[in-house]
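Could you put together the complete structure from these sequences and hints?
Here the working numbering runs 417 ahead of the position in the sequence shown, where the first position is 1.
Note that these hints are calculated values from the structure, not bench results. Don't take every hint at face value.
In the DSSO-like style, the derived pairs of lysine-lysine whose C-alpha atoms are separated by at most 27 Å in a straight line are [unchecked claim]: (1) LYS698 with LYS782; (2) LYS495 with LYS514; (3) LYS945 with LYS905; (4) LYS717 with LYS740.
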Amino acid sequence: MENKRYQNIFKTAPFGFALREIILDAKGKPCDYIFLDANDKFAEFTGLNIADIIGKKYSELFLKTENDIFDWIGFYGKVALNGGQDKTEQYSKKADKWFKVEVTSSEKLQFAAFFTDVTHKYHLINALKGQAGFADAGTDIDRAPQSTMNTEQQLLSLFEQTNDAVFIIDLDGNYLETNRRASEMFGYSHEEMQTLSVQDISSEPAESQSVVTKLLRGEKIPPYIRHFLRKNDSVFPAEINVQLIYDKTGEPLYIQSVVRDITHRYQEEEFMRTRDALLQKLSQQIPGVIYQYQFYPNGKFSFPYVSENMQELFEISPQEAKKDSSKVFSRMHPDDHQMVMDSILDSYLSLTPWELEYRVVLPEKGTRWLSGMANPEKQIDGSVLWHGYTSDITERKTAEEALQKSEEKFRSLVDSINDVIFTLDKELRYSGVFGNWINTLGLTKETFLEKTPTEILGEEMAQVHNNAALQALKGEVITYEWQMLSGKETAYYQTTLSPIYNKQGVVTGLSGVGRDITSTKRAAELEKEIQLTRNTVEFKQKFLASMSHEIRTPLTGV
418 MENKRYQNIF
428 KTAPFGFALR
438 EIILDAKGKP
448 CDYIFLDAND
458 KFAEFTGLNI
468 ADIIGKKYSE
478 LFLKTENDIF
488 DWIGFYGKVA
498 LNGGQDKTEQ
508 YSKKADKWFK
518 VEVTSSEKLQ
528 FAAFFTDVTH
538 KYHLINALKG
548 QAGFADAGTD
558 IDRAPQSTMN
568 TEQQLLSLFE
578 QTNDAVFIID
588 LDGNYLETNR
598 RASEMFGYSH
608 EEMQTLSVQD
618 ISSEPAESQS
628 VVTKLLRGEK
638 IPPYIRHFLR
648 KNDSVFPAEI
658 NVQLIYDKTG
668 EPLYIQSVVR
678 DITHRYQEEE
688 FMRTRDALLQ
698 KLSQQIPGVI
708 YQYQFYPNGK
718 FSFPYVSENM
728 QELFEISPQE
738 AKKDSSKVFS
748 RMHPDDHQMV
758 MDSILDSYLS
768 LTPWELEYRV
778 VLPEKGTRWL
788 SGMANPEKQI
798 DGSVLWHGYT
808 SDITERKTAE
818 EALQKSEEKF
828 RSLVDSINDV
838 IFTLDKELRY
848 SGVFGNWINT
858 LGLTKETFLE
868 KTPTEILGEE
878 MAQVHNNAAL
888 QALKGEVITY
898 EWQMLSGKET
908 AYYQTTLSPI
918 YNKQGVVTGL
928 SGVGRDITST
938 KRAAELEKEI
948 QLTRNTVEFK
958 QKFLASMSHE
968 IRTPLTGV
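In C-alpha coordinates, the structure reads:
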(Lines of atoms letter the chains of each structure in order from A and count residues from 1; the text may use other names and numbers.)
(Lines give C-alpha, C1' and ligand atoms only; values in the text may rest on other atoms or scores of the structure.)
Protein backbone atom coordinates (compact mmCIF):
# COMPACT_ATOMS: atom_id res chain seq x y z
CA MET A 1 0.00 0.00 0.00
CA GLU A 2 2.78 2.43 0.94
CA ASN A 3 4.74 1.67 -2.27
CA LYS A 4 1.61 2.35 -4.28
CA ARG A 5 1.20 5.69 -2.50
CA TYR A 6 4.72 6.71 -3.45
CA GLN A 7 4.14 5.53 -7.01
CA ASN A 8 1.06 7.76 -7.24
CA ILE A 9 3.01 10.74 -5.92
CA PHE A 10 5.73 10.31 -8.55
CA LYS A 11 3.20 9.60 -11.26
CA THR A 12 1.33 12.89 -10.73
CA ALA A 13 4.31 15.03 -9.68
CA PRO A 14 4.72 18.44 -11.45
CA PHE A 15 8.27 17.49 -12.42
CA GLY A 16 9.51 14.83 -14.83
CA PHE A 17 10.90 11.60 -13.32
CA ALA A 18 12.61 8.61 -14.91
CA LEU A 19 14.36 5.60 -13.32
CA ARG A 20 17.07 4.13 -15.53
CA GLU A 21 19.93 1.63 -15.53
CA ILE A 22 23.26 2.23 -17.18
CA ILE A 23 24.58 -0.25 -19.79
CA LEU A 24 28.32 -0.95 -19.95
CA ASP A 25 30.39 -2.04 -22.94
CA ALA A 26 32.96 -4.84 -22.96
CA LYS A 27 35.50 -2.53 -21.34
CA GLY A 28 33.13 -1.59 -18.50
CA LYS A 29 32.44 1.89 -19.81
CA PRO A 30 28.89 3.37 -20.02
CA CYS A 31 27.58 3.08 -23.57
CA ASP A 32 23.80 3.34 -23.19
CA TYR A 33 21.01 3.17 -20.63
CA ILE A 34 17.58 1.58 -20.39
CA PHE A 35 14.35 3.07 -18.99
CA LEU A 36 12.93 1.18 -16.00
CA ASP A 37 10.13 3.61 -15.02
CA ALA A 38 8.85 7.15 -15.77
CA ASN A 39 5.99 9.42 -14.77
CA ASP A 40 3.37 11.33 -16.77
CA LYS A 41 5.29 14.61 -16.72
CA PHE A 42 8.38 12.99 -18.23
CA ALA A 43 6.21 11.48 -20.96
CA GLU A 44 4.75 14.94 -21.59
CA PHE A 45 8.24 16.47 -21.80
CA THR A 46 9.43 13.84 -24.30
CA GLY A 47 6.22 13.62 -26.30
CA LEU A 48 6.12 9.82 -25.85
CA ASN A 49 3.76 7.42 -24.14
CA ILE A 50 4.99 5.71 -20.98
CA ALA A 51 4.30 2.32 -22.58
CA ASP A 52 6.66 3.29 -25.40
CA ILE A 53 9.40 4.29 -22.94
CA ILE A 54 9.62 1.46 -20.39
CA GLY A 55 12.18 -1.19 -21.35
CA LYS A 56 13.61 0.87 -24.20
CA LYS A 57 17.16 2.13 -24.56
CA TYR A 58 18.17 5.76 -24.89
CA SER A 59 19.78 4.98 -28.24
CA GLU A 60 16.49 3.59 -29.51
CA LEU A 61 14.35 6.51 -28.39
CA PHE A 62 16.46 9.66 -28.62
CA LEU A 63 19.92 9.25 -30.04
CA LYS A 64 18.85 9.50 -33.69
CA THR A 65 16.35 12.33 -33.09
CA GLU A 66 18.07 14.43 -30.49
CA ASN A 67 21.54 14.65 -32.02
CA ASP A 68 22.55 16.06 -28.63
CA ILE A 69 25.74 17.98 -28.13
CA PHE A 70 25.62 17.10 -24.46
CA ASP A 71 27.00 13.67 -23.42
CA TRP A 72 24.01 12.31 -21.50
CA ILE A 73 25.43 8.78 -21.26
CA GLY A 74 28.68 10.03 -19.77
CA PHE A 75 26.85 12.36 -17.38
CA TYR A 76 24.49 9.66 -16.10
CA GLY A 77 27.15 6.91 -16.19
CA LYS A 78 29.44 8.80 -13.83
CA VAL A 79 26.71 9.01 -11.16
CA ALA A 80 25.48 5.42 -11.79
CA LEU A 81 28.98 3.98 -11.32
CA ASN A 82 30.24 6.21 -8.52
CA GLY A 83 27.03 7.09 -6.67
CA GLY A 84 26.16 10.53 -5.31
CA GLN A 85 24.36 13.35 -7.08
CA ASP A 86 24.85 15.81 -9.94
CA LYS A 87 22.83 18.37 -11.88
CA THR A 88 22.84 20.33 -15.12
CA GLU A 89 20.62 22.53 -17.28
CA GLN A 90 20.30 21.45 -20.93
CA TYR A 91 18.23 22.13 -24.01
CA SER A 92 16.09 19.35 -25.55
CA LYS A 93 15.68 19.73 -29.28
CA LYS A 94 12.84 17.21 -29.37
CA ALA A 95 10.83 19.01 -26.68
CA ASP A 96 12.11 22.45 -27.67
CA LYS A 97 12.59 23.21 -23.99
CA TRP A 98 15.29 23.82 -21.43
CA PHE A 99 15.36 21.45 -18.46
CA LYS A 100 17.02 21.49 -15.10
CA VAL A 101 18.16 17.87 -14.62
CA GLU A 102 19.05 16.49 -11.17
CA VAL A 103 20.38 12.92 -11.03
CA THR A 104 20.99 10.66 -8.03
CA SER A 105 22.01 7.02 -7.52
CA SER A 106 21.47 4.84 -4.46
CA GLU A 107 22.12 1.50 -6.20
CA LYS A 108 25.04 0.85 -8.53
CA LEU A 109 24.20 1.12 -12.22
CA GLN A 110 20.73 2.45 -11.47
CA PHE A 111 19.98 6.18 -11.29
CA ALA A 112 16.95 8.43 -10.97
CA ALA A 113 16.66 11.71 -12.90
CA PHE A 114 14.30 14.60 -12.11
CA PHE A 115 13.39 17.14 -14.83
CA THR A 116 12.12 20.69 -14.21
CA ASP A 117 11.09 22.92 -17.11
CA VAL A 118 13.20 26.13 -16.89
CA THR A 119 12.53 27.32 -20.44
CA HIS A 120 11.07 30.61 -19.16
CA LYS A 121 14.43 31.45 -17.59
CA TYR A 122 16.22 31.03 -20.91
CA HIS A 123 13.64 33.09 -22.72
CA LEU A 124 14.40 35.76 -20.15
CA ILE A 125 18.09 35.35 -20.92
CA ASN A 126 17.30 35.82 -24.60
CA ALA A 127 15.43 39.03 -23.83
CA LEU A 128 18.20 40.30 -21.59
CA LYS A 129 20.77 39.30 -24.15
CA GLY A 130 19.10 41.40 -26.81
CA GLN A 131 18.73 44.37 -24.46
CA ALA A 132 22.32 44.13 -23.29
CA GLY A 133 23.69 43.87 -26.82
CA PHE A 134 25.18 40.36 -26.45
CA ALA A 135 23.24 38.69 -29.23
CA ASP A 136 24.43 38.64 -32.82
CA ALA A 137 22.04 38.35 -35.72
CA GLY A 138 20.69 34.80 -36.03
CA THR A 139 21.94 33.67 -32.63
CA ASP A 140 19.56 31.99 -30.18
CA ILE A 141 20.76 31.06 -26.75
CA ASP A 142 18.26 28.19 -26.73
CA ARG A 143 20.48 26.58 -29.39
CA ALA A 144 23.80 27.66 -27.91
CA PRO A 145 26.37 25.07 -26.86
CA GLN A 146 27.78 24.74 -23.38
CA SER A 147 30.57 27.21 -24.21
CA THR A 148 28.08 30.11 -24.10
CA MET A 149 27.26 29.59 -20.44
CA ASN A 150 29.56 32.46 -19.38
CA THR A 151 27.26 34.80 -21.28
CA GLU A 152 24.29 33.13 -19.64
CA GLN A 153 25.75 33.76 -16.21
CA GLN A 154 26.39 37.40 -17.08
CA LEU A 155 22.79 37.83 -18.17
CA LEU A 156 21.39 36.08 -15.13
CA SER A 157 23.59 38.33 -13.02
CA LEU A 158 22.12 41.31 -14.86
CA PHE A 159 18.64 39.91 -14.18
CA GLU A 160 19.40 39.72 -10.48
CA GLN A 161 21.21 43.04 -10.12
CA THR A 162 18.81 45.32 -12.02
CA ASN A 163 17.09 47.98 -9.90
CA ASP A 164 13.69 47.04 -11.33
CA ALA A 165 11.60 44.06 -10.30
CA VAL A 166 11.38 41.52 -13.15
CA PHE A 167 8.62 38.90 -13.32
CA ILE A 168 8.12 35.89 -15.60
CA ILE A 169 4.38 35.10 -15.44
CA ASP A 170 2.48 32.16 -16.88
CA LEU A 171 -0.64 32.68 -18.96
CA ASP A 172 -2.86 32.24 -15.88
CA GLY A 173 -1.13 35.09 -14.06
CA ASN A 174 1.07 32.99 -11.75
CA TYR A 175 4.69 33.93 -11.11
CA LEU A 176 7.18 31.49 -12.62
CA GLU A 177 10.36 33.43 -11.89
CA THR A 178 11.25 36.67 -10.12
CA ASN A 179 14.51 38.45 -9.44
CA ARG A 180 16.09 39.65 -6.22
CA ARG A 181 14.71 43.17 -6.59
CA ALA A 182 11.15 41.80 -6.74
CA SER A 183 11.60 40.18 -3.32
CA GLU A 184 13.06 43.39 -1.90
CA MET A 185 10.30 45.53 -3.40
CA PHE A 186 7.37 43.40 -2.19
CA GLY A 187 8.84 42.02 1.05
CA TYR A 188 8.49 38.32 0.14
CA SER A 189 11.22 35.71 -0.08
CA HIS A 190 12.05 34.29 -3.50
CA GLU A 191 10.28 31.06 -2.59
CA GLU A 192 7.17 32.94 -1.43
CA MET A 193 7.07 34.90 -4.67
CA GLN A 194 6.81 31.65 -6.65
CA THR A 195 3.55 30.83 -4.86
CA LEU A 196 1.85 34.14 -5.71
CA SER A 197 -0.11 35.42 -8.69
CA VAL A 198 -0.61 38.85 -10.26
CA GLN A 199 -3.84 39.38 -8.35
CA ASP A 200 -2.26 38.53 -4.99
CA ILE A 201 -0.05 41.63 -4.93
CA SER A 202 -2.13 44.12 -6.91
CA SER A 203 -4.29 46.63 -5.04
CA GLU A 204 -6.34 46.79 -8.26
CA PRO A 205 -6.75 43.07 -9.13
CA ALA A 206 -9.52 43.56 -11.69
CA GLU A 207 -7.41 46.02 -13.67
CA SER A 208 -4.38 43.72 -13.46
CA GLN A 209 -6.39 40.76 -14.77
CA SER A 210 -7.67 43.00 -17.55
CA VAL A 211 -4.09 43.60 -18.68
CA VAL A 212 -3.48 39.83 -18.92
CA THR A 213 -6.67 39.42 -20.94
CA LYS A 214 -5.70 42.18 -23.35
CA LEU A 215 -2.23 40.69 -23.83
CA LEU A 216 -3.70 37.29 -24.69
CA ARG A 217 -5.95 39.02 -27.24
CA GLY A 218 -2.80 40.28 -28.92
CA GLU A 219 -3.07 43.90 -27.77
CA LYS A 220 0.06 45.97 -27.16
CA ILE A 221 0.06 47.51 -23.69
CA PRO A 222 1.93 50.82 -23.28
CA PRO A 223 3.69 51.54 -19.95
CA TYR A 224 1.13 52.17 -17.22
CA ILE A 225 0.86 52.98 -13.51
CA ARG A 226 -0.47 50.48 -10.99
CA HIS A 227 -0.59 50.39 -7.17
CA PHE A 228 0.78 47.25 -5.50
CA LEU A 229 0.51 45.65 -2.06
CA ARG A 230 3.60 44.72 -0.08
CA LYS A 231 3.66 41.81 2.31
CA ASN A 232 3.17 44.27 5.20
CA ASP A 233 -0.02 45.57 3.46
CA SER A 234 1.53 48.93 2.58
CA VAL A 235 0.65 50.29 -0.87
CA PHE A 236 3.10 51.83 -3.35
CA PRO A 237 2.85 53.13 -6.93
CA ALA A 238 4.80 51.48 -9.74
CA GLU A 239 5.36 51.95 -13.44
CA ILE A 240 4.92 48.72 -15.42
CA ASN A 241 6.22 47.58 -18.79
CA VAL A 242 4.59 44.31 -19.82
CA GLN A 243 5.03 42.07 -22.87
CA LEU A 244 3.67 38.74 -24.06
CA ILE A 245 6.45 36.37 -25.20
CA TYR A 246 5.76 33.87 -28.02
CA ASP A 247 7.49 30.64 -29.08
CA LYS A 248 8.85 30.04 -32.60
CA THR A 249 5.43 28.88 -33.81
CA GLY A 250 3.71 32.04 -32.63
CA GLU A 251 2.08 30.46 -29.60
CA PRO A 252 2.15 32.55 -26.37
CA LEU A 253 4.62 31.21 -23.82
CA TYR A 254 4.55 33.58 -20.87
CA ILE A 255 4.28 37.23 -19.82
CA GLN A 256 7.35 39.29 -19.04
CA SER A 257 6.78 42.23 -16.68
CA VAL A 258 9.22 44.89 -15.46
CA VAL A 259 8.06 46.87 -12.42
CA ARG A 260 9.66 50.12 -11.27
CA ASP A 261 8.88 51.59 -7.85
CA ILE A 262 7.99 55.26 -8.43
CA THR A 263 7.22 56.19 -4.81
CA HIS A 264 10.05 58.72 -4.82
CA ARG A 265 8.79 60.20 -8.08
CA TYR A 266 5.27 60.44 -6.67
CA GLN A 267 6.62 62.18 -3.58
CA GLU A 268 8.58 64.62 -5.74
CA GLU A 269 5.54 65.29 -7.91
CA GLU A 270 3.40 65.86 -4.82
CA PHE A 271 6.05 68.21 -3.43
CA MET A 272 6.11 70.05 -6.76
CA ARG A 273 2.33 70.34 -6.79
CA THR A 274 2.32 71.69 -3.23
CA ARG A 275 5.16 74.07 -4.02
CA ASP A 276 3.50 75.30 -7.20
CA ALA A 277 0.22 75.88 -5.36
CA LEU A 278 2.04 77.88 -2.69
CA LEU A 279 3.99 79.80 -5.31
CA GLN A 280 0.76 80.50 -7.15
CA LYS A 281 -0.83 81.94 -4.02
CA LEU A 282 2.22 84.06 -3.24
CA SER A 283 2.56 85.31 -6.81
CA GLN A 284 -1.04 86.53 -6.72
CA GLN A 285 -0.03 88.95 -3.96
CA ILE A 286 2.87 90.38 -5.98
CA PRO A 287 2.18 93.03 -8.64
CA GLY A 288 4.79 91.71 -11.07
CA VAL A 289 5.54 88.43 -12.83
CA ILE A 290 7.58 85.61 -11.26
CA TYR A 291 9.08 83.40 -13.93
CA GLN A 292 11.70 80.88 -15.01
CA TYR A 293 13.43 81.48 -18.33
CA GLN A 294 15.65 78.81 -19.94
CA PHE A 295 18.12 79.40 -22.77
CA TYR A 296 19.84 76.49 -24.55
CA PRO A 297 23.20 76.36 -26.40
CA ASN A 298 21.37 75.79 -29.71
CA GLY A 299 19.52 79.09 -29.32
CA LYS A 300 16.22 77.57 -28.20
CA PHE A 301 14.49 79.27 -25.27
CA SER A 302 11.41 78.67 -23.14
CA PHE A 303 9.50 79.73 -20.03
CA PRO A 304 9.14 76.62 -17.80
CA TYR A 305 7.14 78.69 -15.31
CA VAL A 306 5.33 82.04 -15.35
CA SER A 307 2.86 83.41 -12.81
CA GLU A 308 -0.66 84.60 -13.57
CA ASN A 309 0.35 88.27 -13.81
CA MET A 310 1.93 87.55 -17.20
CA GLN A 311 -1.47 88.53 -18.63
CA GLU A 312 -1.36 91.89 -16.86
CA LEU A 313 2.19 92.83 -17.89
CA PHE A 314 2.45 91.35 -21.39
CA GLU A 315 -1.22 90.77 -22.31
CA ILE A 316 -0.28 87.10 -22.88
CA SER A 317 -1.67 84.21 -20.79
CA PRO A 318 0.79 82.05 -18.81
CA GLN A 319 -0.23 79.06 -20.93
CA GLU A 320 0.57 80.93 -24.16
CA ALA A 321 3.94 82.07 -22.80
CA LYS A 322 4.94 78.51 -21.86
CA LYS A 323 3.70 77.07 -25.14
CA ASP A 324 5.32 79.69 -27.40
CA SER A 325 7.92 81.85 -25.64
CA SER A 326 8.50 83.93 -28.78
CA LYS A 327 5.16 85.67 -28.12
CA VAL A 328 6.69 87.34 -25.07
CA PHE A 329 9.59 88.75 -27.08
CA SER A 330 7.20 89.93 -29.79
CA ARG A 331 5.92 92.47 -27.26
CA MET A 332 9.35 94.18 -27.01
CA HIS A 333 9.59 97.77 -28.24
CA PRO A 334 11.41 97.71 -31.62
CA ASP A 335 14.06 100.13 -30.30
CA ASP A 336 14.70 97.97 -27.21
CA HIS A 337 14.45 94.44 -28.66
CA GLN A 338 18.15 94.07 -29.55
CA MET A 339 19.21 95.56 -26.22
CA VAL A 340 17.12 92.96 -24.38
CA MET A 341 18.53 90.03 -26.40
CA ASP A 342 22.13 91.27 -26.00
CA SER A 343 21.70 91.60 -22.23
CA ILE A 344 20.34 88.05 -21.96
CA LEU A 345 23.26 86.71 -23.99
CA ASP A 346 25.75 88.56 -21.76
CA SER A 347 24.15 87.05 -18.65
CA TYR A 348 24.16 83.59 -20.28
CA LEU A 349 27.87 83.76 -21.15
CA SER A 350 29.07 85.32 -17.89
CA LEU A 351 26.51 83.72 -15.52
CA THR A 352 26.00 87.13 -13.91
CA PRO A 353 22.63 88.46 -12.73
CA TRP A 354 20.44 89.97 -15.44
CA GLU A 355 18.87 93.36 -14.77
CA LEU A 356 17.31 95.73 -17.29
CA GLU A 357 14.69 98.43 -17.79
CA TYR A 358 13.00 98.24 -21.18
CA ARG A 359 9.80 99.05 -23.04
CA VAL A 360 7.04 96.83 -24.39
CA VAL A 361 4.26 97.68 -26.81
CA LEU A 362 0.96 96.07 -25.77
CA PRO A 363 -2.16 95.69 -27.95
CA GLU A 364 -4.41 97.45 -25.42
CA LYS A 365 -2.22 99.49 -23.06
CA GLY A 366 0.28 100.67 -25.64
CA THR A 367 3.87 101.46 -24.60
CA ARG A 368 4.79 100.44 -21.05
CA TRP A 369 8.06 100.46 -19.12
CA LEU A 370 9.13 97.21 -17.39
CA SER A 371 11.97 96.40 -15.01
CA GLY A 372 13.35 92.85 -14.97
CA MET A 373 15.90 91.08 -12.80
CA ALA A 374 16.90 87.40 -12.70
CA ASN A 375 19.66 85.14 -11.39
CA PRO A 376 21.12 82.50 -13.76
CA GLU A 377 21.95 78.86 -12.93
CA LYS A 378 23.97 76.56 -15.21
CA GLN A 379 22.20 73.25 -15.95
CA ILE A 380 23.74 69.84 -16.67
CA ASP A 381 22.63 69.96 -20.31
CA GLY A 382 24.55 73.21 -20.88
CA SER A 383 21.46 75.40 -20.76
CA VAL A 384 21.03 78.29 -18.32
CA LEU A 385 17.91 78.68 -16.17
CA TRP A 386 17.04 82.13 -14.80
CA HIS A 387 14.77 82.68 -11.79
CA GLY A 388 13.38 86.17 -12.20
CA TYR A 389 10.88 88.90 -11.46
CA THR A 390 9.52 91.61 -13.77
CA SER A 391 7.37 94.59 -12.74
CA ASP A 392 5.67 97.53 -14.45
CA ILE A 393 7.55 100.80 -13.76
CA THR A 394 5.64 103.03 -16.18
CA GLU A 395 4.40 105.39 -13.43
CA ARG A 396 7.88 105.72 -11.99
CA LYS A 397 9.36 106.39 -15.43
CA THR A 398 6.69 109.01 -16.14
CA ALA A 399 7.42 110.70 -12.81
CA GLU A 400 11.17 110.57 -13.48
CA GLU A 401 10.73 112.15 -16.89
CA ALA A 402 8.53 114.91 -15.41
CA LEU A 403 11.04 115.46 -12.62
CA GLN A 404 13.90 115.58 -15.10
CA LYS A 405 12.11 118.21 -17.18
CA SER A 406 11.34 120.17 -14.02
CA GLU A 407 14.96 119.94 -12.89
CA GLU A 408 16.15 121.09 -16.28
CA LYS A 409 13.86 124.13 -16.11
CA PHE A 410 14.94 124.86 -12.55
CA ARG A 411 18.61 124.46 -13.39
CA SER A 412 18.23 126.72 -16.41
CA LEU A 413 16.51 129.32 -14.25
CA VAL A 414 19.05 129.05 -11.45
CA ASP A 415 22.00 129.14 -13.81
CA SER A 416 20.69 132.33 -15.44
CA ILE A 417 20.42 134.43 -12.28
CA ASN A 418 23.28 136.30 -10.66
CA ASP A 419 22.43 135.35 -7.08
CA VAL A 420 24.80 133.01 -5.24
CA ILE A 421 22.90 129.75 -4.56
CA PHE A 422 24.57 126.93 -2.65
CA THR A 423 24.13 124.04 -0.20
CA LEU A 424 26.25 123.03 2.79
CA ASP A 425 26.42 119.71 4.63
CA LYS A 426 26.56 119.43 8.41
CA GLU A 427 30.36 119.75 8.30
CA LEU A 428 29.92 123.09 6.50
CA ARG A 429 31.33 121.77 3.23
CA TYR A 430 29.82 123.06 0.01
CA SER A 431 27.79 120.20 -1.55
CA GLY A 432 26.37 122.28 -4.39
CA VAL A 433 26.92 125.69 -6.02
CA PHE A 434 24.63 127.22 -8.66
CA GLY A 435 24.15 130.45 -10.57
CA ASN A 436 25.68 132.61 -13.28
CA TRP A 437 27.86 134.46 -10.76
CA ILE A 438 30.42 131.62 -10.98
CA ASN A 439 31.14 132.40 -14.62
CA THR A 440 30.92 136.18 -14.06
CA LEU A 441 33.69 136.00 -11.47
CA GLY A 442 35.75 133.63 -13.61
CA LEU A 443 35.48 130.81 -11.06
CA THR A 444 34.54 127.11 -11.29
CA LYS A 445 32.34 124.91 -9.11
CA GLU A 446 35.42 122.94 -8.09
CA THR A 447 36.63 126.08 -6.27
CA PHE A 448 33.89 125.47 -3.70
CA LEU A 449 32.72 121.82 -3.80
CA GLU A 450 33.75 119.65 -0.83
CA LYS A 451 35.49 122.65 0.80
CA THR A 452 34.59 124.75 3.86
CA PRO A 453 34.44 128.57 4.02
CA THR A 454 37.59 128.49 6.14
CA GLU A 455 39.47 126.51 3.46
CA ILE A 456 38.37 128.99 0.79
CA LEU A 457 38.47 132.37 2.59
CA GLY A 458 40.80 131.81 5.49
CA GLU A 459 39.92 131.65 9.16
CA GLU A 460 39.44 135.37 9.82
CA MET A 461 37.26 136.15 6.80
CA ALA A 462 35.29 132.89 7.19
CA GLN A 463 34.33 133.53 10.79
CA VAL A 464 31.18 135.47 9.93
CA HIS A 465 30.02 132.62 7.65
CA ASN A 466 30.80 129.88 10.17
CA ASN A 467 28.98 131.69 12.98
CA ALA A 468 25.88 132.18 10.85
CA ALA A 469 25.95 128.56 9.61
CA LEU A 470 26.27 127.10 13.11
CA GLN A 471 23.28 129.18 14.17
CA ALA A 472 21.25 128.00 11.15
CA LEU A 473 22.07 124.34 11.87
CA LYS A 474 20.10 124.80 15.10
CA GLY A 475 16.98 125.30 12.99
CA GLU A 476 16.95 129.08 12.51
CA VAL A 477 16.77 131.07 9.29
CA ILE A 478 19.73 133.47 9.42
CA THR A 479 20.30 136.54 7.24
CA TYR A 480 23.60 138.36 7.50
CA GLU A 481 25.79 140.78 5.55
CA TRP A 482 29.46 140.56 4.87
CA GLN A 483 32.08 142.26 2.73
CA MET A 484 35.31 141.53 0.96
CA LEU A 485 37.82 143.32 -1.23
CA SER A 486 37.25 143.00 -4.97
CA GLY A 487 40.26 144.58 -6.58
CA LYS A 488 40.77 148.01 -4.93
CA GLU A 489 37.15 148.35 -3.92
CA THR A 490 35.04 146.72 -1.24
CA ALA A 491 32.18 144.46 -2.36
CA TYR A 492 29.14 143.93 -0.10
CA TYR A 493 26.96 140.76 0.11
CA GLN A 494 23.84 139.64 1.93
CA THR A 495 23.35 135.89 2.60
CA THR A 496 20.31 133.99 3.92
CA LEU A 497 20.82 130.45 5.35
CA SER A 498 17.90 128.00 5.79
CA PRO A 499 17.98 124.51 7.42
CA ILE A 500 17.42 121.37 5.27
CA TYR A 501 15.38 118.67 7.05
CA ASN A 502 15.07 114.93 6.34
CA LYS A 503 11.82 112.93 6.66
CA GLN A 504 12.45 112.48 10.37
CA GLY A 505 12.71 116.27 10.90
CA VAL A 506 16.46 116.21 11.52
CA VAL A 507 18.62 119.00 10.06
CA THR A 508 21.00 117.43 7.54
CA GLY A 509 22.44 120.58 5.94
CA LEU A 510 21.81 124.16 4.84
CA SER A 511 20.68 125.95 1.72
CA GLY A 512 21.93 129.45 1.08
CA VAL A 513 21.17 132.39 -1.19
CA GLY A 514 23.70 135.19 -1.44
CA ARG A 515 23.30 138.49 -3.26
CA ASP A 516 25.75 141.21 -4.21
CA ILE A 517 24.45 144.37 -2.53
CA THR A 518 27.43 146.56 -3.34
CA SER A 519 25.42 148.85 -5.62
CA THR A 520 22.67 149.06 -3.05
CA LYS A 521 25.19 149.88 -0.38
CA ARG A 522 26.82 152.50 -2.55
CA ALA A 523 23.48 154.03 -3.48
CA ALA A 524 22.60 154.26 0.19
CA GLU A 525 25.91 155.92 0.96
CA LEU A 526 25.41 158.33 -1.95
CA GLU A 527 21.93 159.12 -0.71
CA LYS A 528 23.38 159.76 2.67
CA GLU A 529 25.99 162.07 1.20
CA ILE A 530 23.35 163.83 -0.87
CA GLN A 531 21.19 164.27 2.18
CA LEU A 532 24.18 165.54 4.07
CA THR A 533 24.95 167.96 1.26
CA ARG A 534 21.35 169.01 1.07
CA ASN A 535 21.33 169.68 4.75
CA THR A 536 24.54 171.73 4.43
CA VAL A 537 23.12 173.88 1.62
CA GLU A 538 19.94 174.52 3.54
CA PHE A 539 21.99 175.54 6.54
CA LYS A 540 24.05 177.91 4.47
CA GLN A 541 20.95 179.40 2.90
CA LYS A 542 19.39 179.92 6.27
CA PHE A 543 22.62 181.41 7.59
CA LEU A 544 22.96 183.82 4.69
CA ALA A 545 19.35 184.81 4.94
CA SER A 546 19.78 185.46 8.59
CA MET A 547 22.93 187.47 8.01
CA SER A 548 21.27 189.49 5.27
CA HIS A 549 18.45 190.35 7.57
CA GLU A 550 20.76 191.42 10.32
CA ILE A 551 22.78 193.57 7.98
CA ARG A 552 19.77 195.28 6.51
CA THR A 553 18.14 196.09 9.76
CA PRO A 554 20.81 198.50 11.20
CA LEU A 555 21.08 200.35 7.93
CA THR A 556 17.41 201.02 7.95
CA GLY A 557 17.57 202.46 11.37
CA VAL A 558 20.24 204.90 10.40
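For a C-alpha distance cap of 27 Å, please report whether LYS698 and LYS782 respect it.
Cα-Cα ~26 Å, so holds.
Would the hint linking LYS945 and LYS905 be met if the CA-CA limit is 27 Å?
holds, 22 Å
Please work out if LYS717 and LYS740 have their alpha carbons no farther apart than 27 Å.
Answer holds: LYS717 to LYS740 is near 13 Å, not above 27 Å.
If you draw a straight line from the CA of LYS495 to the CA of LYS514, is it 27 Å or shorter?
Roughly 24 Å separates the two Cα atoms, so the pair holds.
Comparing the model with each earlier hint shows no violations; every hint is respected.
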